[in-house]
Each structure stands twice: as C-alpha cells, then as structure tokens.
Amino acid sequence: MSAATQLPPARKGGGWSRYRHSLWLLTRRDLRVRYSTSALGYVWSILDPLVMAGIYWFVFTQVFQRPVGAEPYIVFLLSALLPWMWFNGSVSDSTRAFLREAKLIRSTKIPRTIWVNRLVLSKGIEFVASIPVLAFFAVFSGAAVNVDLVWFPLGILLQAVLTVGVTLIVAPLVVFFRDLERAVKLALRFLFYASPIIYGTHDLPAELQGWAAFNPLSGVFSLYRAGFFPDQLDWYQVGVGGLMSLVLLAIGVLVFQRSERSVLKEI
Amino acid sequence: MGDVGSGAARQVAAGHDVIAVEKVGIRFKRNRRARRSFKDLFAGRTRRSRPDEFWALRDVSFTVKQGEAIGVIGRNGQGKSTLLKLVAEVVLPDEGRVGVFEGVAPLIEITGGFVDDLSVRDNVYLTAGLHGMTRKEVDARFESIIDFAEIGDFLDTPYKHLSSGMRVRIAFSVIAQLEEPIILVDEVLAVGDKGFREKCYRRIEELLAGGRTLFFVSHNERDLRRFCTRGLYLDKGRLVFDGPIDDALARYAADTA
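Residue numbers (the working numbering), protein chains in the order written: chain S, 21 to 287; chain X, 117 to 373.
Derived from the structure by calculation, the hints contain no laboratory data.
We treat Cβ as the ideally placed atom computed from N, Cα and C, and that holds for glycine.
Please note that a few of the clues may not be correct.
[Said to hold, decoys possible] In silico lysine-lysine, DSS-like type, Cα no more than 27 Å apart, as pairs:
no., chain 1, residue 1, chain 2, residue 2
1, X, K276, S, K123
2, X, K139, S, K205
3, X, K145, S, K285
4, S, K123, X, K310
5, S, K129, X, K145
6, X, K276, X, K145
7, X, K181, S, K205
8, S, K129, X, K310
[Said to hold, decoys possible] Computed spacing ranges between beta-carbons, pair by pair:
no., chain 1, residue 1, chain 2, residue 2, range
9, X, N192, S, L174, 38 to 44 Å
10, S, A149, X, Y317, 24 to 30 Å
11, X, D168, S, R202, 24 to 30 Å
12, X, K181, S, I151, 35 to 41 Å
[Stated by the list, open to error] A few chain X residues that don't get close to chain S, going by computed Cβ distances all over 12 Å:
no., residue
13, T198
14, T227
15, G228
16, G229
17, S235
18, H247
19, R251
20, L271
21, M282
22, F357
23, D363
24, A370
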C-alpha cells in the first residue's frame with residue numbers, strides 16, 4: 021500500500037488562498053486554450069481593435085474631416101477601444117459562463133463566482149497585454165504625455181469593479197432567460213456608440229453631457245485618456261461612474277447569491 | 117460555501133461525524149420548459165412549492181462517521197444521484213442543511229473537468245488543481261497518476277483524441293490520487309474494461325483500508341456488498357431505511373419483487 025492511501029492530516033490553506041488558486045488555474049486555462057488553438061495567438065486579441073481603430077480613423081479623419089475627439093485621433097481612439105474590448109469581451113462571454121462549463125460546474129464545488137470572475141480576469145490580462153500597442157502608437161504619432169498618466173491604473177480598477185458587477189448580473193440571468201443572450205449582444209452594440217469611444221463627452225450636445233456621466237464607462241475612459249489628453253479628465257464623471265460601478269457590483273453580488281441555488285439546479 | 121468544519125471537527129479522531137445531513141429537501145421543475153418569472157428566480161428557501169414542481173428528496177436526515185462505507189440504493193429516479201450531489205455540495209438544498217466537514221474527492225461526472233483542446237498533461241494539472249492540489253503536489257504524484265491510467269504514451273495528445281475508455285481511466289486516476297478523506301462514487305465505473313474496473317475497485321479498497329469514508333451509489337449488489345457496511349435505501353425521495361447493507365438490500369429486494 022502506498023503512502024498516499026494513509027489518511028491525510030487536516031487540510032491546508034484557507035478559503036481565500038484556495039479561491040485565488042482556482043481562479044488563477046481557470047484563467048490560465050482560458051488563455052492557454054485560446055492561444056494553443058490558433059496560430060496567430062496574441063495577434064488576434066490586438067488585431068480586432070486595430071482594424072476597428074483603422075476604420076474609424078479613416079472615416080473620421082479622412083472622409084468626414086469633422087473634428088471629434090482630440091489629436092492624435094488614433095491614440096484617442098485606442099485609449100478607449102482597447103479597454104472597451106475588455107468590457108465587451110467579458111460581458112458577452114459571461115452570457116455563456118455557466119452553460120459552456122456546465123459539466124465542470126456540476127463536478128466541482130469551487131465558489132461559483134469564479135466562473136464569472138475568471139472571464140473578467142483573462143480578458144483583463146489580454147487588455148494589459150495590449151497596452152504596448154497603445155504605447156507604440158503614442159510614440160509613433162508623437163502624442164504628448166502628461167502626469168495624469170498616473171490615473172491609468174485607477175481606470176483599470178474602476179473598470180474591473182464595473183465589469184465584475186455587470187457580469188455577475190448577466191451570467192445567472194441568462195441561464196433562465198436564454199433570450200437575454202441576444203439582448204445583451206444588442207445592448208453592447210448600442211453601448212459602444214453610447215459611450216465616449218469614437219468621440220469624447222465634450223463632443224456631445226450640451227444637454228446630454230450631464231447624462232453621459234451616468235454611463236460608468238465615461239468616467240473610466242476619461243481616466244485612461246487623461247494621460248494623453250488632460251482636458252478629457254472629468255472628475256464629476258469619474259465620481260458618478262465610480263458610484264454607479266459600486267452600485268452595480270452590489271446588485272451583482274445580490275443577484276448572484278439569490279439565484280445561485282436555482283442556477284445549479286438548472287444546468 | 118467552503119468548509120463548515122471548525123478546527124475541532126477536523127481533528128482526526130476515529131468515529132467523529134464527517135457528514136451531517138439534516139432534514140434535507142430539494143425540489144425540481146417537472147417540466148424544464150415551464151414558464152419562469154423573476155419572482156421564481158429570486159424566491160428564497162421559504163417559497164411554497166408549486167404544482168409543476170416535485171420534491172426529489174424530502175426530509176432526509178443521517179450522519180456519517182469517519183471511516184464508514186455507505187451504499188446508497190433505490191430504483192432509478194428516487195434521488196440517489198441527487199443525494200450524492202448534495203453531499204458533494206455541487207447543488208444546494210431548498211430545505212434543511214448539509215454539513216460536510218472534510219474534503220471530498222467526487223467521482224461524479226469525472227471527465228467533466230477535462231478540456232478537449234489541451235493535452236493530457238495539462239488536463240491532469242488543471243483537474244488536480246481545481247480539486248485543491250498545488251503544483252508541487254501534482255508534480256509528486258504525476259508519475260503514479262499516469263501509471264495507474266496506463267496512458268504513458270499519450271501525455272502530449274490532445275484530450276479529444278483519446279478513446280472514451282482512456283478518458284475515464286485518466287479521470288479516475290486523478291481523482292483517486294486526491295488526498296481527500298471522503299470519496300463519493302457514482303456509477304462512473306460502469307465504463308472502462310473489466311481489467312481496469314477491477315483495478316479501480318482495488319484502489320477503492322486500499323483507500324478504505326487507509327481510513328477514508330466512502331459514499332457509493334450503485335445498482336450492483338455484489339459491488340455494494342464488497343465495499344459497504346451500511347446501506348441507505350431511498351424510495352420516492354424519502355430515506356426509508358438506514359442500517360446494515362445486507363438488511364437494506366433485503367428490503368430493496370422485497371420492495372421490487
């Protein structure tokens with residue numbers, strides 16, 4: 021009989037370290053699967069925003085020549101497009117968070133929030149990995165960098181809170197209302213144009229500018245852009261957006277807790 | 117979630133309770149396509165049951181002491197697998213409480229954690245990790261996991277290219293290497309060839325001899341007698357008999373005759 025059959029001593033490690041361990045394992049698995057099955061790997065995760073940025077750059081600087089945003093426009097675009105890919109990717113993947121992994125969820129008892137948080141984390145890592153692209157264009161186009169660049173990490177933090185909140189709401193609800201999957205896709209497409217990505221909040225009509233703050237992404241993007249375009253930093257938007265993000269996170273935690281029992285039965 | 121056990125409950129003293137199931141009930145929808153409302157979704161545990169729901173288990177109570185080997189018997193659809201899932205804490209009860217005070221190695225849907233596109237090696241690290249093993253612990257056991265599954269030549273093959281027999285073999289050997297004090301076995305071992313099944317059974321016997329607690333669901337009388345000393349007989353979602361395995365099997369035989 022091998023030593024492994026002896027009764028083990030009491031279990032090691034607290035709940036929190038176990039949580040991190042499982043979260044990291046699944047996040048790494050996500051990234052690994054994504055990169056082991058495609059030849060271009062990392063390139064894909066930046067090619068998508070680059071192509072989109074190229075299109076908008078062409079339309080708004082070459083075709084219309086109507087001034088929106090700020091110069092250099094490509095940096096203005098990318099500083100919101102890359103984080104948008106993070107938000108968009110996490111939320112649209114969260115619609116399948118439970119359904120795709122049903123077999124695994126039915127066989128392990130790790131805390132259920134991991135199934136959602138791993139999506140936010142792996143997409144977040146891809147976002148961080150795409151920052152060099154932004155840096156490259158900033159250098160290449162001669163964008164002026166200022167001290168407000170220190171707010172960049174705050175933008176990441178705020179966006180993480182927001183994204184986790186939204187995905188915690190979406191993921192369990194989709195299990196019960198499958199139609200929500202398509203509704204979310206539609207809402208995301210609307211949100212893309214409703215958020216200051218291809219334009220800045222200053223380009224909005226005056227009566228809409230106050231309302232723009234209630235889209236938490238406005239505050240988040242203004243933090244990212246502050247380092248290149250100091251006039252984009254708007255603390256009113258950041259404050260309202262931060263508050264909205266925290267409220268969404270609280271709602272998300274509540275929805276998730278209340279529906280967990282039913283979700284586990286359904287999948 | 118997580119462990120309910122306090123420090124005192126974890127002390128390895130022979131015969132302490134490792135599983136406590138108290139007046140547990142769980143209900144499911146009869147019709148999966150049934151209309152749902154937001155009210156249903158967020159209703160707490162106190163909601164009254166509705167006509168299109170049925171109780172898969174109701175009012176089930178028992179405790180399991182460390183080192184016991186328990187066989188769960190009953191006809192199809194009487195709640196055996198649901199009970200196992202409740203003990204594995206992968207579903208949560210609508211009524212009552214399930215307390216599991218030690219780690220669990222669940223042999224339920226064992227191939228569920230494996231990813232088609234990753235190699236066997238990556239999958240072993242992933243699954244073992246999800247059940248709480250650190251990288252170092254997996255390193256130390258990697259050889260014996262692979263030896264047990266007898267698939268040494270396929271380490272770098274994507275999981276999807278394995279035969280279904282090999283898939284079950286590698287999955288079983290990963291879970292069987294977990295150092296968890298409670299083992300849950302659903303009828304997973306029906307798959308795989310005779311030789312390997314015998315090997316799995318010997319492994320379960322070894323684990324039992326080492327002081328593990330076993331929770332075993334099967335229709336096979338011979339297997340039940342081989343491993344188990346105590347039987348739980350479920351009928352229509354109720355626990356109708358809890359006692360020595362031979363008596364439980366006799367009661368089951370009498371009911372089905």
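We went through each hint and held it up to the structure:
1. K276(X) to K123(S): Holds - the C-alpha atoms of K123(S) and K276(X) are around 15 Å apart, at most 27 Å.
2. K139(X) to K205(S): violated, 43 Å
3. K145(X) to K285(S): holds, 9 Å
4. K123(S) to K310(X): holds, 26 Å
5. K129(S) to K145(X): holds, 23 Å
6. K276(X) to K145(X): Outside the cut-off at roughly 34 Å; violated.
7. K181(X) to K205(S): Distance ~51 Å between K181(X) and K205(S) Cα, so the pair is violated.
8. K129(S) to K310(X): violated, 31 Å
9. N192(X) to L174(S): 38 to 44 Å: For L174(S) against N192(X), whose Cβ atoms are near 57 Å apart, the range 38 to 44 Å is violated.
10. A149(S) to Y317(X): 24 to 30 Å: This hint is violated: roughly 48 Å between Cβ atoms.
11. D168(X) to R202(S): 24 to 30 Å: holds, 26 Å
12. K181(X) to I151(S): 35 to 41 Å: Given range 35 to 41 Å: violated, Cβ gap about 56 Å.
13. T198: The assertion about T198(X) is violated, with a minimum of 10 Å to chain S.
14. T227: Contrary to the label, T227(X) does not stay out of reach of chain S, its closest Cβ about 8 Å off (not over 12 Å).
15. G228: violated, 3 Å
16. G229: Violated: least Cβ distance 5 Å, not greater than 12 Å.
17. S235: violated, 9 Å
18. H247: violated, 7 Å
19. R251: violated, 10 Å
20. L271: Per Cβ check, L271(X) is outside 12 Å of chain S; nearest 15 Å; holds.
21. M282: Holds, because the least Cβ-Cβ distance between M282(X) and chain S comes to about 18 Å, which exceeds 12 Å.
22. F357: Per Cβ check, F357(X) is outside 12 Å of chain S; nearest 27 Å; holds.
23. D363: holds, 28 Å
24. A370: holds, 33 Å
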